[in-house]
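Model the full structure from these sequences, guided by the hints.
Residue numbers (the numbering used here), protein chains in the order written: chain U, 1 to 358; chain P, 359 to 716; chain C, 717 to 1074; chain G, 1075 to 1432.
Calculated from the structure, these hints are not laboratory results.
Be aware that a few hints might be false.
The list that follows gives simulated cross-link-like pairs (lysine-lysine, DSSO-like), each with its CA atoms no further than 30 Å apart [stated by the list, open to error]: (1) U/Lys37 <-> U/Lys331; (2) G/Lys1111 <-> C/Lys753; (3) U/Lys215 <-> U/Lys241; (4) P/Lys679 <-> U/Lys335; (5) C/Lys1047 <-> U/Lys215; (6) G/Lys1298 <-> P/Lys395; (7) P/Lys693 <-> P/Lys679; (8) P/Lys582 <-> G/Lys1111; (9) U/Lys37 <-> C/Lys931; (10) U/Lys331 <-> P/Lys573; (11) P/Lys573 <-> G/Lys1111; (12) C/Lys1047 <-> C/Lys753; (13) C/Lys1047 <-> G/Lys1395; (14) P/Lys679 <-> P/Lys387; (15) C/Lys957 <-> C/Lys931; (16) G/Lys1395 <-> G/Lys1409; (17) U/Lys321 <-> U/Lys331; (18) U/Lys331 <-> U/Lys29.
Protein chains: 4
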Amino acid sequence: MRMGILTGGGDCPGLNAVIRAATKTLLSKGVEVWGFKDGYRGIYLRDCQLLDRAAVSGLLHRGGTILGSNNRDNPFRFPVRAASGEIEYRDISAILVESMNSLQLQCLIAIGGDGTLSIANELCSRGAAIVGVPKTIDNDLAATDQTFGFVTAVHTATEALDKLHTTAESHHRVMILEVMGRYAGWIALWCGMAGGADVILIPEIPWQIDRVVEKIRGRQLEGKLFSIIVVAEGTPAPGGKRVVREQIANSGDPLRLGGIGEVVRELVEQETGMESRVTVLGHIQRGGSPLTTDRILATRFGVAAAELAMEGRYGYMVALKGTQITAVPLKDATKPSNVHPDGQLVHAARAVGISFGD
Amino acid sequence: MRMGILTGGGDCPGLNAVIRAATKTLLSKGVEVWGFKDGYRGIYLRDCQLLDRAAVSGLLHRGGTILGSNNRDNPFRFPVRAASGEIEYRDISAILVESMNSLQLQCLIAIGGDGTLSIANELCSRGAAIVGVPKTIDNDLAATDQTFGFVTAVHTATEALDKLHTTAESHHRVMILEVMGRYAGWIALWCGMAGGADVILIPEIPWQIDRVVEKIRGRQLEGKLFSIIVVAEGTPAPGGKRVVREQIANSGDPLRLGGIGEVVRELVEQETGMESRVTVLGHIQRGGSPLTTDRILATRFGVAAAELAMEGRYGYMVALKGTQITAVPLKDATKPSNVHPDGQLVHAARAVGISFGD
Amino acid sequence: MRMGILTGGGDCPGLNAVIRAATKTLLSKGVEVWGFKDGYRGIYLRDCQLLDRAAVSGLLHRGGTILGSNNRDNPFRFPVRAASGEIEYRDISAILVESMNSLQLQCLIAIGGDGTLSIANELCSRGAAIVGVPKTIDNDLAATDQTFGFVTAVHTATEALDKLHTTAESHHRVMILEVMGRYAGWIALWCGMAGGADVILIPEIPWQIDRVVEKIRGRQLEGKLFSIIVVAEGTPAPGGKRVVREQIANSGDPLRLGGIGEVVRELVEQETGMESRVTVLGHIQRGGSPLTTDRILATRFGVAAAELAMEGRYGYMVALKGTQITAVPLKDATKPSNVHPDGQLVHAARAVGISFGD
Amino acid sequence: MRMGILTGGGDCPGLNAVIRAATKTLLSKGVEVWGFKDGYRGIYLRDCQLLDRAAVSGLLHRGGTILGSNNRDNPFRFPVRAASGEIEYRDISAILVESMNSLQLQCLIAIGGDGTLSIANELCSRGAAIVGVPKTIDNDLAATDQTFGFVTAVHTATEALDKLHTTAESHHRVMILEVMGRYAGWIALWCGMAGGADVILIPEIPWQIDRVVEKIRGRQLEGKLFSIIVVAEGTPAPGGKRVVREQIANSGDPLRLGGIGEVVRELVEQETGMESRVTVLGHIQRGGSPLTTDRILATRFGVAAAELAMEGRYGYMVALKGTQITAVPLKDATKPSNVHPDGQLVHAARAVGISFGD
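Next comes the structure, spelled out in structure tokens:
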């Protein structure tokens, strides 16, 4: 029996640990395992490598993905160079399903975010045999209690906060940390709680600069001449406008690339007169060796996905519910999980004095 | 209104974070908060300090407990110097209940392990108003899905494994890491899975040296001339005999202090002829700053305990169930949680090739 | 006898360790020690605190400075609000010298960068008794082989490189890390060597985009589809123009704040067509607990400065030469130390294949 | 031209970085490079691998040595199985020199401690062409200001001290950390200074339990109810007797393996009545990824050794003097460097209140 594995979307600590666990599980059952390169593109181009024990040895603690990834290709609108030399966008989904058949893949394990898994779901409906492993560093999938890589990203952001604290305190400044989170504030909320932030601004809770200033002023009255603000990159500015750093960066002016962090800084300086600085963590949050708990979650996901594949439960993906791994339909992968503004975590954060600017 | 807080049992990363969160929550509701020193002894001696905002500032990331702890005193058998000069053991529980009343403590928050919480439960039955926060670095309480400090301890052990790997590989040795876990193998299981151990020996699964040797030999056939074994301190030797390091250490001979780690080493060297070394992590596992996720769990426990106290739900303790904090009766605190030999975690570990020596 | 301590300039890991070591040394000799707040401003405003054993307990591993700092005030041009309500700039140096006398300070220990130490030197020539401790995270002082905090900053940058590696490799990108270094490339050179960078761009070595592209292309021919570039913030663009991030940030447009990192990215994308991303570490490099070696260097500097002060060697500062601490005249503090383009370190970097773009 | 590389002695963070740097430097000059396995044994058995760019890629941050090591074989007394089946010890040095010639090795780079380098020196006097790279985690070579791996080991020990601090403080205990250092106390001194130890016991300074107790009592008077002691494994007991853990461990009784740490504990408990605990770091100090500064020192050593080899300066080894790499005769490798009891470092440690028990 032969099966395939691929990784799609942005990289995330733990991808290699999933590949290793799934491969080891399949090999021990006598399955031949192939890794496809750079997401679905690898199936289209038949660009793949045999995954034997040696190939997955030493992967447990290694960040990134040895299979490469691709966070732009969409097989339903795939860029192909036409005879005319122009780039055309074609639906190559039938070719993919056909490829999997002719390669005699009993099943494909697709590890990726909502993009990769939505495609997997669609391909299943067209006859492909795929099981999924959810991956999102933002932790914003409703179908699973947690995703691997999230804790590692939060840890990196918390370490940055620990460092900003000493600068803020020494110079009596307002330090702002902009972290990942396009639509959901999970990273901002967790790292803010773990790193002792004074204000956390997230997409799910509309905020006003007045309330932020109130918090900073309140601290000054207690003799604390500095404050720490964490803001998720997708948090709208007070008027509701989103300021997406990457879009601005792509505007053509290399010096123009502020994001919500800079908007917050500008407002804070205007309203308080205090010196303020922004730090944008960016890609550092995605990199590095997965922390202990992410290694374990990734291993469990990999083993469970291999078992779903062997049981023929195509169209399902693995998920964490409480302390147990379960299987849920791939189509549930796209339901977003947002921070609930009145949920337990936000409530606990408020109880220890954190302001959400509302 | 006035309330008290104390910490009991062995120290654990996150104790200070619980103290901070509970205190901040209570202060924001106008409650006066007192911290009692060194467990129940502090109430007996009325040795306490006022916990205001300044007292709990900066505690989030600090290991240990500012209140001190005591893992031997039992108020039902408390050592008191009698008039004769001899030490006598007395039941001081009535004095404690009386003290709490005369100090006008509306409620006491007791943070501790099964010892501390069993005492709390017994004191409640004699009229005291106590809510509990469970603490065990071994993670072996059935009443809660996880305890704070556990992930930090596992992380320390995993880092040690990462380091032993390079030595094992360079010198073709069998390296043995003895970790905490008197009755339950949670730390050994987690760190072994995260650190790529080849063999994990835990109290819940009887093991034989032959199966361990088989695994080591199998690796040699694959060209891997080294192996890594993790063993929980409470794992019985093959004949079923427990070898408790601290008891041996207290035998009076300072040079006599082996534990199960050394027993495993002796057997491995005898049976394989390979050079083997033991590392005993010991107290390092209890120390240091809590990791991100333990800071958050500790904060949530502290907030929830303060709220139980204000709601008058005496005799209850906080617990984690899935992603939510709940309240469970204190009497459930003593039910142990052991690693299930056929549970999902052990199953996943076996799937990636880990041997349990059975 | 009474002495004072102050810290000036940007914060740096190890400042507190210097304060602790100097204070402990002085206290053991019976000297009364006062800490002045926010640099020379503290002497002007007589804003100070007594430093006893309790005040410096626990400071060894704590980042930042408990005395606060100020990296803008210049006593020779100090902002003072005149009777008219306007801000006027006055020379308050005579007031400072007079203050030190009337406070009966036998000597002042000034810990700071070339600004702080130049002022100290000038005040000495006007009768003040000051000894110095050099501080610059950029490591760019000729008078000392190394400064405390530098290794910690390099370590933070190296960890970031380790993380960017996995992203670069997974997505076949060119990742650019912009690190501190206004005039000297020490941080860039060290972190680039330790973190396995492919290209290092520093102020001391003029570079051309063609040579950078050549390196990236050479790697592609070897099958390495990603590259890592480290650039010091003060590195001029190819035409020789400096692009200082903070000046652009202060231009009034919050979204305009690129630096040399973005210029390099733009050029790389244009010339290679490869996807490229910039990460700007910023203030994170200054923060956090000092690493082991910085704690030791800071301790040695603090002890030596206290001894210079007691020996009456005013006008001198401590310095590291080889393995020994020595004293050098304060006026030598301003001589810069740049990376030598043909020195041993650059030579070693080139030997292992690193390109400097020249 | 063809050259060889081998590693000998106990493993040490940075060995792989030396191998990588030397290989890259040689390859860029067109030299063919072979790595010999497990020290001199690899030359005897002609057990080797070609080191090309791919073989050394990714080694910079990897602990241990890919070439394997052997810290017992001595070519002047090498264990060989005779025709009779008995193990005999023979001088195989002539065979080694002959092997290097017939393998057409222009030069061999030997990376190792005083054992490996003394052998190299002796082989050179018998006609072999060898250059050396000094390696000792104990930092106890007079010929070089510092050795790679030392800072990483100190860092691991300092982190352990940071963790023991919180336990000591919470439980009012005396915590003892036993670190490496057979004949020299460098690791103990550095980690003790960086980790805030109260007492440091090293082989170079005879100590008395009375002075240790005095320090502990002095702290109690200041309200500090805990103390931290660091002791180097080779420190003699008060009577002058050495208690070497490994020799005791090899006595045949698996439960008998105390060392100087336990002796100190016994004495402290007897004399103070305080609870005391020992932690033995052991092999963890040797393992793991080298820290930033060790990666750089190892890289510089590797480059310089390759250049010595190409310049034909056989019989020399690389060394650090101040900020520069130099070459010194191999015969100087065995001169020990001990901590000077009145040197600057010990003086600084005393100034901040650390007791050496003398």
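| field | Hints not upheld, ascending by number | value | Violated hints: 2, 5, 10; rest satisfied.
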